[in-house]
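Going down the list, the sequences are from chains A and B. Sequential numbering of the first sequence, starting at 0, is according to numbering that gives the first Met the number 0. Sequential numbering of the second sequence, starting at 0, is according to numbering that gives the first Met the number 0.
No lab work stands behind these hints, which were simulated from the structure alone. Predicted model only: the values in this text are computed from it and were never measured. Each residue gets a CB set at the ideal place from its N, CA and C atoms; glycine is no exception. Heads up, a few of these hints could be off.
Partial pick of chain B residues on the chain A-facing surface, computed with a CB cut under 10 Å [what the hints assert, rightly or not]:
| # | residue |
| --- | --- |
| 1 | Tyr18 |
| 2 | Gly23 |
| 3 | Ala27 |
| 4 | Pro116 |
Okay, the calculated bits of chain A under chain B, using three or more residues with CB under 8 Å as the criterion [stated by the list, open to error]:
| # | stretch |
| --- | --- |
| 5 | 0 to 9 |
| 6 | 26 to 36 |
| 7 | 64 to 76 |
| 8 | 79 to 87 |
| 9 | 134 to 148 |
| 10 | 151 to 160 |
| 11 | 207 to 215 |
Label pairs and their calculated CB-CB ranges [said to hold, decoys possible]:
| # | chain 1 | residue 1 | chain 2 | residue 2 | range |
| --- | --- | --- | --- | --- | --- |
| 12 | A | Leu20 | B | Thr120 | 41 to 47 Å |
| 13 | B | Gly126 | A | Ala37 | 53 to 59 Å |
| 14 | A | Asp150 | B | Pro90 | 50 to 56 Å |
| 15 | A | Tyr18 | B | Asp144 | 25 to 31 Å |
| 16 | A | Asp179 | B | Asp144 | 25 to 31 Å |
| 17 | B | Pro90 | A | Ser30 | 45 to 51 Å |
| 18 | A | Met0 | B | Thr120 | 19 to 25 Å |
2 protein chains.
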Amino acid sequence: MRMSELSQATGVSVPTLKYYLREGLLHAGESLGATRAAYDDTHVARVRLVRALVTGAGLSVAAAKRVTAALDDPPEGWHDLLGQAQHATLPDGAGGDRCGRDDGDSGSDRGGAPATPRADTLVDVLGWQVHGQSPVRRELETALDTMRGADFELAEERLQDYARAVAGVAALDVESVPTDSPEAALRHVVLGTLLMEPVLAALRRLAQEDLSSRRFD
Amino acid sequence: MRMSELSQATGVSVPTLKYYLREGLLHAGESLGATRAAYDDTHVARVRLVRALVTGAGLSVAAAKRVTAALDDPPEGWHDLLGQAQHATLPDGAGGDRCGRDDGDSGSDRGGAPATPRADTLVDVLGWQVHGQSPVRRELETALDTMRGADFELAEERLQDYARAVAGVAALDVESVPTDSPEAALRHVVLGTLLMEPVLAALRRLAQEDLSSRRFD
Chain A
0 MRMSELSQAT
10 GVSVPTLKYY
20 LREGLLHAGE
30 SLGATRAAYD
40 DTHVARVRLV
50 RALVTGAGLS
60 VAAAKRVTAA
70 LDDPPEGWHD
80 LLGQAQHATL
90 PDGAGGDRCG
100 RDDGDSGSDR
110 GGAPATPRAD
120 TLVDVLGWQV
130 HGQSPVRREL
140 ETALDTMRGA
150 DFELAEERLQ
160 DYARAVAGVA
170 ALDVESVPTD
180 SPEAALRHVV
190 LGTLLMEPVL
200 AALRRLAQED
210 LSSRRFD
Chain B
0 MRMSELSQAT
10 GVSVPTLKYY
20 LREGLLHAGE
30 SLGATRAAYD
40 DTHVARVRLV
50 RALVTGAGLS
60 VAAAKRVTAA
70 LDDPPEGWHD
80 LLGQAQHATL
90 PDGAGGDRCG
100 RDDGDSGSDR
110 GGAPATPRAD
120 TLVDVLGWQV
130 HGQSPVRREL
140 ETALDTMRGA
150 DFELAEERLQ
160 DYARAVAGVA
170 ALDVESVPTD
180 SPEAALRHVV
190 LGTLLMEPVL
200 AALRRLAQED
210 LSSRRFD
């Protein structure tokens, strides 16, 4: 199909499609001459994914490129593929572009990486299978640092309690990942992780009100 | 004590204390003349709370004032007091300044308030005790609207599953609220609700990785 047809099939304007091409978010079509190219179903699937990532989930172009890069140069296995999508949901600069799950040994030798002692202890105590270089360890450590800075310390056992409770949420996340196509799975991981956050925040407050009413009313 | 001593006792500078006074976040001291006033332990407690809210939790001055207003004109009972603190953690403009838990009937007659059908159904099905006018219903509805706009619909049963899982998190929140003073309780509710959000987001991703590894690796 021509670019105008790709636009019709996806509901994305031609200028935006050209932008996706320039930014490397969309692979080139088959050249039919200097100014014409043919696109196919792989382009339709990719455009829908990119639009979902950028417009739906609000990813930056850099983060969206980390997701599409995982499609263009797929790691071995679904777990590592989904890991690259998940890391793209971290704030830009959180190391998501260099720390796939398959890029090094786990554990002790991290070179100059900052220490994440509370995150490491938590993962060890719970026996969770988390890559030693996962940038999420640093995210957790930073969040705990912020709490400490506000003089609101969380005891180690309490953090474990929270982790076990949150695992119930993550179980719902992971069991609902579709496996019919890599695009669908990556879309689900990114949108499900990011767009569920405000939903979970609201659910937490509703449940707090219910439980507060039972404890204090 | 004089203002300079209040500053020493709290670690908050005199210009910042004057700012708190001007903004109504701190009650006036006992006047000792045109330019002098005496402060006491109630001022120390209040300054520490305000600093925790504004600097620690990142509340806007308007939101912090909603919390201190709950102290200055306390509602009857801890549940409503804590509710006002919790509503201050919602984004500014989410209606937190007019929707305490004690300001109207629950349920059917909400005048011009926007409908929140999915939130209402959820609360009903789960039997949660949530005020009919709680602004959190609207927060949830908005978050679900955003998902729908991204073509990422959450089935009603699935939303209930998530709500039940999140209730395990909220139970930890509510059981840890201290009851030794209203200031301590309000501080705990606001900081615990807001500062835990990035912690919970990181824990969710760590748990996702563990469970993904078990499902896909």
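**Asked** Among the hints numbered above, which are violated by the structure, and what are their numbers in rising order?
**Response** 1, 2, 3, 4, 5, 6, 7, 14 and 18
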